[in-house]
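Colleague: Turn these sequences into a full structure, and let the hints guide you.
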Amino acid sequence: MTSPSRAPARGGRPLKRLTSLPRALSSLAPWVDAGVFGTAEVHGAEVLTRAASETDPMLQLAAALALWGPLRGHACVDLAMIASMVTTELAVSLATNDTGSAIGDSSDSSDSSDSSDSSDVVFAIASTLPWPALTTWIDELSSSALVRCVTAVDDQPVFDDRPLVLHGTLLYTQRQWVDECGVAGQLLRRARASAGAMLELSPAADALLDRLLPPLDPFDGTPNLQHLAARTAIASRLTVIVGGPGTGKTHTISRTLAVLALDAAECGQPLRVGLAAPTGKAAARLGESIATATAAEMPAGTVPPETSTIHRMLGWRNSATRFRHDAATPLSYDVVVIDEASMVALPLMARLLEAIRPDARLVLVGDPDQLHSIEVGAVLADTVSAAADPTSPLHSLVVRLQRPRRQQLGSPIAPLADAVRDDDPTAALSQLRAGAIDPTDGRPLLTFVDDADPLANNDGGGVRDVVLPALTAAADAARAGAAADALGHFASVRVLCAHRTGRHGAEYWNKAIEQWLLEAVDGAGHGRPARFYPGRALLATRNDQRQRVANGDTGIVIVHPDGVRAAFGTADGLRVLAPAQLERVDTAFATTIHKSQGSEFDTVVVILPPAGSPLVGRELLYTAITRSSRRLVVVGSEAAVAACIRSPSRRVTGLTAALAEC
Numbered sequence: 005m006t007s008p009s010r011a012p013a014r015g016g017r018p019l020k021r022l023t024s025l026p027r028a029l030s031s032l033a034p035w036v037d038a039g040v041f042g043t044a045e046v047h048g049a050e051v052l053t054r055a056a057s058e059t060d061p062m063l064q065l066a067a068a069l070a071l072w073g074p075l076r077g078h079a080c081v082d083l084a085m086i087a088s089m090v091t092t093e094l095a096v097s098l099a100t101n102d103t104g105s106a107i108g109d110s111s112d113s114s115d116s117s118d119s120s121d122s123s124d125v126v127f128a129i130a131s132t133l134p135w136p137a138l139t140t141w142i143d144e145l146s147s148s149a150l151v152r153c154v155t156a157v158d159d160q161p162v163f164d165d166r167p168l169v170l171h172g173t174l175l176y177t178q179r180q181w182v183d184e185c186g187v188a189g190q191l192l193r194r195a196r197a198s199a200g201a202m203l204e205l206s207p208a209a210d211a212l213l214d215r216l217l218p219p220l221d222p223f224d225g226t227p228n229l230q231h232l233a234a235r236t237a238i239a240s241r242l243t244v245i246v247g248g249p250g251t252g253k254t255h256t257i258s259r260t261l262a263v264l265a266l267d268a269a270e271c272g273q274p275l276r277v278g279l280a281a282p283t284g285k286a287a288a289r290l291g292e293s294i295a296t297a298t299a300a301e302m303p304a305g306t307v308p309p310e311t312s313t314i315h316r317m318l319g320w321r322n323s324a325t326r327f328r329h330d331a332a333t334p335l336s337y338d339v340v341v342i343d344e345a346s347m348v349a350l351p352l353m354a355r356l357l358e359a360i361r362p363d364a365r366l367v368l369v370g371d372p373d374q375l376h377s378i379e380v381g382a383v384l385a386d387t388v389s390a391a392a393d394p395t396s397p398l399h400s401l402v403v404r405l406q407r408p409r410r411q412q413l414g415s416p417i418a419p420l421a422d423a424v425r426d427d428d429p430t431a432a433l434s435q436l437r438a439g440a441i442d443p444t445d446g447r448p449l450l451t452f453v454d455d456a457d458p459l460a461n462n463d464g465g466g467v468r469d470v471v472l473p474a475l476t477a478a479a480d481a482a483r484a485g486a487a488a489d490a491l492g493h494f495a496s497v498r499v500l501c502a503h504r505t506g507r508h509g510a511e512y513w514n515k516a517i518e519q520w521l522l523e524a525v526d527g528a529g530h531g532r533p534a535r536f537y538p539g540r541a542l543l544a545t546r547n548d549q550r551q552r553v554a555n556g557d558t559g560i561v562i563v564h565p566d567g568v569r570a571a572f573g574t575a576d577g578l579r580v581l582a583p584a585q586l587e588r589v590d591t592a593f594a595t596t597i598h599k600s601q602g603s604e605f606d607t608v609v610v611i612l613p614p615a616g617s618p619l620v621g622r623e624l625l626y627t628a629i630t631r632s633s634r635r636l637v638v639v640g641s642e643a644a645v646a647a648c649i650r651s652p653s654r655r656v657t658g659l660t661a662a663l664a665e666c
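Numbering (my numbering), first residue to last: 5 to 666.
Since the hints were derived computationally from the structure, they do not count as laboratory data. For each residue, glycine too, the CB sits at the ideal point set by N, CA and C. It is possible that some hints are incorrect.
[Stated by the list, open to error] Using C-beta positions, here's what the derived DEER-type ranges look like:
1) Val580 / Arg634: 42 to 52 Å
2) Pro334 / Arg634: 52 to 62 Å
3) Arg447 / Arg321: 43 to 53 Å
4) Ser633 / Thr43: 13 to 23 Å
5) Arg634 / Arg326: 41 to 51 Å
6) Pro362 / Pro274: 19 to 29 Å
Modeller: Structure representation (structure tokens):
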């Protein structure tokens, strides 16, 4: 059974509750009282309906819902299933607003494994909401001056004076409709242009491709999907390369770029390559991987391509929707590669596609089985889904890489990820119970801690012994002023949580880990530490162009000749800043799984929510376990593992259908 996305509104933080309701919108009172609508939806609905002099309660409700959906990651709302969407999101809101108590204090049961009481409350509240009859509602919307009714996707979408768009039972804001139509149109135009392009390589470049990525796998003689992906990227205006960790996505891209660089050099033309990812952390990882992989293969004199965030590539102007590069001022690149494309939201993908030259190659790289963007849409997953149709022009342009058989004998994390992705809880639990030991050092590679409430124990169910050695080493390096060493030790381990708050949440685990660390390095830890103490791990939660620190960058507090400083590893390298220069940071010993996207750690500890939590989800678990490059500890009950695997998320969008319709 699928359910709407479990991504919490606005990155996991509850939306602002409304303290008073305008009299003109009194019809929305049941939804406001139930906690469905907050200030943003009510204020927006007031602006929209007042401008059109609309007083019909059904129109007011539709306007608020059209704004409600994108705040929770949906490109639109489906009026035919809106009651179930709202019920699910109410449960998510309740879960993300849970709070916890002190370490070892099990008195807080708001986030316990027995979630039946809270579920009953949610369903009781949701059942009282007076939803209009669907056919009557559709008829009212169809006759309103607020709503543009459409029967097909707009190939060249434009804005008009109607702020809402109704397509069947899907209701959009005009902004989301235009973006969705724009993305669908751009992708399909590129796909259709690719059908007749078939760009050819020089003989030398062709030979290099066969050497770097042989047509047949040398291990077993089967067709090499990496070779197919490279050929597709070379011959097409659009290529989508997807696969899980260890399938060779970066390896394929680096070799493809080397071949294209040689081909361009043979023609006497430089190859202009743009590499980007949604976050600074993902961009830095991409740059390191590409630089290492292409150093020995690029033609002499070739300047390695630089990586950046997508916002920086487009020329961000402190606006979510306006950039220096657009259709009128396109990017100069011949090849644009976007890594971690599953994290790219619909509006940003629309701006990106507008800014890429029609004759340039676009390569989208990612894992569609991961969590969707924390913002609106699920562009990569929708594109892959649309391409599954053999008649689609996208069909031959999506290449899914498989893990080579010789790698399946290595880390146990890969087959565990496959079992989760393939909806096989029996296989996943079997692997978790079996565990795995590294034969080189005798340390566990895979550990399952079957404990529904690990923080009821002083060692957090054994988590203390897993995380403390690396964090103690990081704190020691931080006190010695060795910023790079401190960041390195800190980056080697992370605790990942589904919840932000509550006993299974990142905030609660951060407090526990902080206490363990202070006890270990100071022999104390009972008093409240200074806000910025050496060894405190930091996470930037806002883009700061002035300091060149991006949302998602991680850092650590160090001792510095000029006083205590915060050292951040960014896409531009090491940044050392005074605490007063930081706009917004959180403690980052533990973080939410959403925040970990685009990152990789040697050791990962996953804290699962209770089986009854609305935050359980297949993509959530898959994303968490694939953040580990070597060692994995999963903490939670067997019921929670099974519940995650059996609960795929669903973003409500129309993009898959639009890609088939255009």
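Colleague: Looking back at the numbered hints, which does the structure fail to meet, lowest number first?
Modeller: The structure conflicts with hints 1, 2, 4, although it agrees with all the remaining ones.
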